[in-house]
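Asks: Residue strings, one per chain:
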Amino acid sequence: MRLRLLILLLPILLLVGYAARSEETQEEIFDSMRERLQPASVLRAAFRQERSLQILLRPLVSSGTMILVEGEGILWRVEDPHRITYLIRAGEVLEWEGEVGPRRVGMAAAPAFRVMTEMFLGTLTGDLDTLQRGFVAQTLPTQEGWRVSLTPRSGDLAEIVSSLEVAGDRYVREVHLREVRGDAVSFTFSGFHAEPSSLDASEKHYFAQ
Amino acid sequence: MPPKSITLLSRAGALLWLLVIAGICVWLLIRFSGGPVLNADLISLLPGVQQEPAIRAAAKEVSEVAERKIAFLVSASDEGVARQAATFVFDRLSESKLFVRLELQRDPAALRQLGSLYFPYRFQLLSPQTRQELLAERQEDFQRRLMSRYLNPLGGLSSGLIEGDPLLLLPDYLASLAPQGASKLQINDGFLVVQEENAAHVLLLADLAGTPFSIELQDDLAPRLQRLRREVDEDYPGAGLLVAGVFPHAAAGTASARREVSVVGGGSLVGIFVLFILVFRSIRPFLMGALAVVVGCLGGFVACLAVFGQVHLMTLVFGASLVGISVDYSLHYFCERMADGEQRTSHAVLRSVFPGITLGLVTSVVGFAGVLIAPFPGMREMAVFSSVGLISAWLCVVLFYPVMAPRAGTGDGLPLKWAAAYSRLWERDRKGGALIGLMVILAVAAVGCLKLSPLDDFRMLQTHDPEVVADEERVRHLLGQDHAGQFLLVSGDDEAMLLEREEAFIADLQSLLEGGELGGYTALSQFVPSPARQEENRALIAPLISEDSTTFQELSRTVGLPETARRAYASALRESDGQPPLSLHQWLASPASAPFRYLWLGGEGAPMSVIPLSGLRNAAALREAAESHEGVEFIDRVQSLSDVFNSYRTKTLWLTVASYLVVALLLAVRYGRRGALSVIVVPMAAALVSFGALGFLSEPISLFNIIALLLILGIGVDYGIFFREAGLVRPATLLAVAMSALTTIMAFGLLSVSATTAVHSFGLTLLLGISAAFFLSPLAAILFPSHSSHRATGVVQ
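Protein sequence lines correspond, in order, to chains W and C. Using the numbering used here, read the first sequence as starting at 1 and increasing by one per residue. Using the numbering used here, read the second sequence as starting at 1 and increasing by one per residue.
Watch out, some of these pointers could steer you wrong.
Unchecked claim - Part of the chain C face toward chain W, derived, beta carbon under 10 Å:
id : residue
1  : Q129
2  : Q132
3  : L134
4  : L157
5  : I162
6  : D189
7  : G190
8  : Q195
9  : N198
10 : A199
11 : V559
12 : P562
13 : P591
14 : I745
No lab work stands behind these hints: they were computed from the structure. Note that CB positions come from ideal geometry on N, CA and C, so glycine has one too.
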């Protein structure tokens, strides 16, 4: 079923890719994002995640806080509906249920998992080099800040992601991901803090795993 | 002049021996064109491990498959460049036709194929964790893990997946199939990549078409790899190529063995040449000596070829040192002749050295024959090479020299004068001093012997090429794997029994895994559980799907899963009731199983499988676990080879002691009890001094040091015999022994610089032992002097 969807979507993806393929404007789009995003060694924010799966009666909503640590990864702490903490970094995801853990989840070797991890890290940390390699960008109109639509170029990424929309100002505030399989997920972030710029002991404990 | 009949007889003998040599040469030429003559497989040198034939055959098969694997890592700071360079390497290797399998890009469809193979059986394939939770009725743990999968920000969920598998059993199961521990290997667009240290390393896996020990294959592939390395270096900026596997070790071993054969053989010949020219001032003795050496080596080589079918390179390395020994017989002839001032005929000269060199030969061959009894292919080969080599060299001297009547050349007499000066130190009235000196030396040596420690590691046979080792360690570090050739063989009457035995055994492995005593394993039953296990799993899942299932209530409440989804899932479970379990054959037939098919060894009637182990730290515990399960056999090649070395080290030591006794008895027949003692004391003391010195040098003692003891016996006893025969320390004898010791020491000194621990140990032990034997050998004449010394003329010019 997934394959059929992919075959159906492929011409569209190719067309979109073609239309937007112009290296110079690509440089400009990513550069203007680079200019606006403000780097921080440790960035804290609240998140709300909304996953829309056709089969479910309602969107799967979860919320909590996250800590972005430059060069390390993301600590994703779900508070509602369950207390689950995920540490997401290149090549692996660790998971704690309450205080129990860590447990390694997912298959680092599986392309889908790796691609998603990379994209997630790339998007949230504003690692534009990763995004620029994998996507073709198109600027979307917006009242304040910036908003871009990203289309995967090829390879593993294009098999999973049909489109990605990212918006923000100094920080990334919204991420909307549409999957080839028809499901979608949105993240909205608020309450950013770049201070304190270091981790406390309990936070460090997670990253030390 | 000798009687005519003797001349005729000796002519006939010489002619016959010449014909034999010619025949050997012809046979050798024919043999050379009939297939490989040299063998480089170290394992073929070693005795087989005591095992059931079926187990041994299976273990051999598994090892041979593993030996043929080569891993190439193409690294570059930019992944694109690394991929290009890897593709270039792939193309070049494909052209070579030396591989049966080359894998650069994994088929992206494989994972999906695995999913579609397993999907119909999703109710009966459980991850070990899920199974444990359900068996222990810890449903709440199972539910918590299920929730965390649903809430994972990285997703991995889709409507299609939830529809078919709302409990997410299949993703959970598939994740449990990934190698335990954090594998750094990623699949990027099909390429296997490791990202580390700001560089991308692309993995290319290859299976050789033949054994890596084939010298033809090495000669073809090794230069290609060298060229490839250079081309990758030059054509792809910042890129590099790493190679790991058995092949680079094997190729480096062959290269160094070849180097050593030519250095040792060539070096010895050059040394002999210089020595002969210095002493005899004529080229003729050298040519005659070289004739004996060459015929000796030829004889040894052909004998090995005839007996064993092939000659191992290692035998050649050891055999090359024979050059220095086989020249001894010629030396005695020429020294005697020179000391004599060329007054006697060559017949007469030969007659006077004949008893000495013949007894020398017999004792050496007796020493080697002791080795022949041991069922150790490598040692037997060396024994045959050396025995036949020495006999051939001796025949040359005994049969050719009287007929060709070579003259020694007059020399300037200087070496003889030196020998005379030295021999005066060993006059009979100095016996007391010599005895005290001997005691002191032996006491010091005994202290050194106390410091000795054993070495039984199989790897001492391997060449330690720093480049090969560095590459291997780097690859191992990057791939995060350490397979030490340890695995389990499981057998059963049929497939179901085999899988059940695997499962029962794996249950016992958990404690080892948790204790960190075992890093991980891969087993067939992980991919295809036994029919019984599948039935059990279905029974565990059924209550979760019932109408009053708390799991589905939770899914409905938190996730919003509709009741229709549960009902569809329950009816799918019912429908699959009559379906036969997932079979091994289905899995084997699926393209998705390709990387793991090697786990299945097949076998008509009695199928077998292999469970490779990694990161094993407690082999004893694992062996114990394997012994308590029927049909499970733990195979640890390095350990079993080391055990072999250990057991043969002890056996050979006793064999050596026995050889010394047999030789002493032989000597007693000719010299009487006391005479035999004074001769045998030479090699015995030399052996003790050699081991004592090794102790002081902190050199470990392996099987190869013990084999060297046998040679010290063979050679040291010769030196003793030569002096005993002379009856006193004659300058001619001393000169002959000195020259023969020098040539021998040269050969073994060259061996002791070998890159292979085994060869180094062997060479060094002999270097020390033969030096000691030379210095102590005059004792044989003066310790218990014979009352009727044969010819106490003490010729001095």
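Asks: All hints, please: hold or fail.
Replies: Structure-based check of each hint:
1. Q129: Hint on Q129/C: holds, closest Cβ of chain W at ~9 Å, below 10 Å.
2. Q132: 13 Å, violated
3. L134: 17 Å, violated
4. L157: 6 Å, holds
5. I162: 5 Å, holds
6. D189: 4 Å, holds
7. G190: 8 Å, holds
8. Q195: 7 Å, holds
9. N198: 12 Å, violated
10. A199: 14 Å, violated
11. V559: Holds, because the Cβ-Cβ distance from V559/C to chain W comes to roughly 6 Å (cut-off 10 Å).
12. P562: 5 Å, holds
13. P591: 15 Å, violated
14. I745: 58 Å, violated
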